[in-house]
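A.B. asks: Hey, can you work out the whole structure from these sequences and the hints?
These protein sequence lines are chains L and G, in that order. Note that the numbering used here has the first sequence beginning at 1, numbered continuously upward. Note that the numbering used here has the second sequence beginning at 1, numbered continuously upward.
I should point out that these hints are in silico values taken from the structure, not numbers from a laboratory. You may find that some hints are simply not true.
What the hints assert, rightly or not - In silico SDA-like cross-links for lysine to any residue, where the CA-CA straight-line distance does not exceed 20 Å:
id, chain 1, residue 1, chain 2, residue 2
1, L, 277, L, 232
2, G, 141, L, 192
3, G, 199, G, 288
4, G, 141, L, 196
5, G, 210, L, 67
6, G, 164, L, 169
7, L, 322, L, 273
8, G, 140, L, 193
9, G, 179, L, 167
10, L, 141, G, 192
11, G, 179, L, 170
12, L, 277, L, 197
13, G, 297, G, 198
14, L, 65, G, 172
15, L, 171, G, 169
16, L, 179, L, 213
17, L, 276, L, 296
18, L, 212, G, 67
19, L, 324, L, 292
20, L, 199, L, 271
Unchecked claim - Example chain L residues on the side facing chain G (calculated, C-beta under 8 Å, incomplete):
id, residue
21, 70
22, 145
23, 148
24, 152
25, 153
26, 169
27, 174
28, 192
29, 194
30, 313
Claimed, not checked - What follows is a set of in silico ranges between Cβ atoms, one per label pair, in the way DEER data are often shown:
id, chain 1, residue 1, chain 2, residue 2, range
31, G, 207, L, 299, 48 to 58 Å
32, G, 66, L, 270, 32 to 42 Å
33, G, 72, L, 289, 34 to 44 Å
34, G, 80, L, 127, 23 to 33 Å
35, L, 331, G, 229, 50 to 60 Å
36, L, 293, G, 80, 49 to 59 Å
37, G, 76, L, 128, 38 to 48 Å
38, L, 318, G, 72, 39 to 49 Å
39, G, 133, L, 144, 19 to 29 Å
40, L, 344, G, 341, 55 to 65 Å
If you're wondering where the values come from, they're calculated on a predicted model, not measured in any experiment. A virtual CB, placed ideally from N, CA and C, is assigned to each residue, including glycine.
Residue strings, one per chain:
Protein chains: 2
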Amino acid sequence: MLNTFIFPNQSKNNHICLLKLFLVLTPNEVMEDLPGTKQQLESVKHLIADLRDRFEEYLIKQAFKGYPAILEGPTQHIMGLKGKRIRPILLLSTCEMFGGEIEDAMGPASAIEIFHNFSLVHDDIIDNADTRRGAEAVHKKYGLHNAILVGDGMLLHSFIQLSKSRTDNLKDLLRVFNKAASEVIEGEQYDVNFETQDKVSEEEYMLMIKNKTSVLLAASLQLGAIIGNASVEDQQHIYDFGLNLGLAFQIKDDYLDSYGDTSFGKRIGGDILQNKKTFLLITAMNNASRSDLEEIKRLSSEKDEAKKISDMLAIFDRLNVKGKTFSKMEQLYSTSMKSLNKLSIEEEKKSVLKTLAEMIYNRSR
Amino acid sequence: MLNTFIFPNQSKNNHICLLKLFLVLTPNEVMEDLPGTKQQLESVKHLIADLRDRFEEYLIKQAFKGYPAILEGPTQHIMGLKGKRIRPILLLSTCEMFGGEIEDAMGPASAIEIFHNFSLVHDDIIDNADTRRGAEAVHKKYGLHNAILVGDGMLLHSFIQLSKSRTDNLKDLLRVFNKAASEVIEGEQYDVNFETQDKVSEEEYMLMIKNKTSVLLAASLQLGAIIGNASVEDQQHIYDFGLNLGLAFQIKDDYLDSYGDTSFGKRIGGDILQNKKTFLLITAMNNASRSDLEEIKRLSSEKDEAKKISDMLAIFDRLNVKGKTFSKMEQLYSTSMKSLNKLSIEEEKKSVLKTLAEMIYNRSR
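C.D. replies: Structure (structure tokens):
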């Protein structure tokens, strides 16, 4: 259990834990715009920081006991780059929301985080990425062969961590983890295939981002729910909630890259410059006339960066890509809210989650 | 349970199953030289073939249900090259020897075989091997990125198959499987490091072959024992038995490459030509004078193949490499026999295993 909650008018603050997770997805400026929640949000920030500290301590002191010494260097390199730890925090908080013990969830939480980092090590090889979180990618620093093996060792170790769970829910945890892990690898394979694929349908794109991003977030929520002894129905609802919110979040990422607020100095058009197959580009291509398609193809090798961005945005405008993307996000948000409404937790807790989902949705705007 | 046993004077032939496994390691000529066992051996051969067929059927019809379709091609390629299936046959037979049901062991047996094949896919990348079992290596046929991902998918799928085991022994199965799998990856990393390492100690070499080869054989035996409800002590004895017999077998492989019987047309010296760091070369280097070491170094780039082999064998003779290797095998054999003697199964069954171990040992001579 979390030790110190400084949240007003709450004796039991389980639902706050879930709140925390989504706040990390929400920028300060949006949080601060919400009236009357400033004190709450400060408390929540403390809770996230506390949970992250506890997880980090487990990761350093416990999670790699018995790990092959020969793989330690590159493993510490990638794990030490300290991502936001969104997945384990999601898992731990959901567990607590349903009344489970944080200690019971540390093994599965580290399994999820180690698995996620394994996927980064192998993805960086496949994507020819030189850097990761501002540091050298593992295959750049340690070479291809070491990166393959360390990834294998980490994938394996995620199962070793998961296997430490209590026997009475181990089979369920393995089922959820196995399915998500399998889908992540499947998603990466789709992504590899997209590289050489002329046309990608919206359905294919959605399947890819679902597998590459959303399923692991959704599975984190479900694993936490299992450890917290949630009903099978609630497990499914929280999974669906996470899946659709994750999809909305992913598409929002694409959206903001072209239509984000530039008043904070954020640059627009990075994805366009990289010819990245985003939801926007795929929507454009799937709605383009032959001449638009030829123009898109020509722009992919345009050297003038400012012209490349403005010409592509003009095509997006012509094809109503902004509206179509926005409508997709709205649909995903609505689906995730439906799952949230089905969750058999107290209305009070539900309303917090609703507020949260709204905040994420508003940010997408 | 196996349907038809045609073994004389045996109502319950569980111990025969274990026999079968080791026979696949033993060439026909040795088997046929053993007096009075010809009929027995024919029966055993049938039993192996039957068990392999049943496993193959499971592999084709059951083991890849739910596997990502997008990974199927390369997976079928490597799995379809049909190795000897030694590990699953070991597992299934040991299970039956201890009174377990073959059907309960099919999931773990396929987990071991899929894991083994995953390790081949990634090892072939790391070893720059173009071929595997006479066909193209996965990374040659499908490219590096696909080979990394398919390996990941197979590693993951081995856990999915293992997870299908009965809940009451799942935790034990995972513990044994996790440990072996982790050691296999550790062993491959040792092997990678050896490439750039001038001197390899005997201890390092033994650790590497233990991890790369023996632990998975030993774990196969132990997993079978767990499913057959063997005692913890017997699980350990059968593990140790397999581990040391595996080591003896591995060193024998090195030994025969230089000192094997050439009367059946087998070529001698392949490892020497490849500058492979075998037990023999390592023993030579660790016992060599400075001038011998210089000679060994010079020979590594010798172009005349016949001269390279005969000069290296002369160094081996000078340093008594043959005797030292033989003595190492004898020691490993003796250790494996001690574990066998501790096994709490009927003397009659034990005597069969003893005969088997002797056959393997005689072959090493």
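A.B. asks: Are the hints correct? Go through all of them and say.
C.D. replies: How the hints compare with the structure:
no. : hint                       : verdict
1   : 277/L to 232/L             : violated (37 Å)
2   : 141/G to 192/L             : holds (16 Å)
3   : 199/G to 288/G             : holds (12 Å)
4   : 141/G to 196/L             : holds (17 Å)
5   : 210/G to 67/L              : holds (17 Å)
6   : 164/G to 169/L             : holds (14 Å)
7   : 322/L to 273/L             : holds (18 Å)
8   : 140/G to 193/L             : holds (17 Å)
9   : 179/G to 167/L             : holds (18 Å)
10  : 141/L to 192/G             : holds (16 Å)
11  : 179/G to 170/L             : holds (18 Å)
12  : 277/L to 197/L             : holds (10 Å)
13  : 297/G to 198/G             : holds (10 Å)
14  : 65/L to 172/G              : holds (18 Å)
15  : 171/L to 169/G             : holds (11 Å)
16  : 179/L to 213/L             : holds (13 Å)
17  : 276/L to 296/L             : holds (12 Å)
18  : 212/L to 67/G              : holds (17 Å)
19  : 324/L to 292/L             : holds (17 Å)
20  : 199/L to 271/L             : holds (17 Å)
21  : 70                         : holds (5 Å)
22  : 145                        : holds (5 Å)
23  : 148                        : holds (6 Å)
24  : 152                        : holds (5 Å)
25  : 153                        : holds (5 Å)
26  : 169                        : violated (10 Å)
27  : 174                        : holds (4 Å)
28  : 192                        : holds (5 Å)
29  : 194                        : violated (12 Å)
30  : 313                        : violated (32 Å)
31  : 207/G to 299/L: 48 to 58 Å : holds (56 Å)
32  : 66/G to 270/L: 32 to 42 Å  : holds (37 Å)
33  : 72/G to 289/L: 34 to 44 Å  : holds (37 Å)
34  : 80/G to 127/L: 23 to 33 Å  : holds (30 Å)
35  : 331/L to 229/G: 50 to 60 Å : holds (54 Å)
36  : 293/L to 80/G: 49 to 59 Å  : violated (41 Å)
37  : 76/G to 128/L: 38 to 48 Å  : violated (28 Å)
38  : 318/L to 72/G: 39 to 49 Å  : holds (41 Å)
39  : 133/G to 144/L: 19 to 29 Å : holds (24 Å)
40  : 344/L to 341/G: 55 to 65 Å : holds (60 Å)
Of the numbered hints given earlier, the model fails hints 1, 26, 29, 30, 36 and 37; all others are met.
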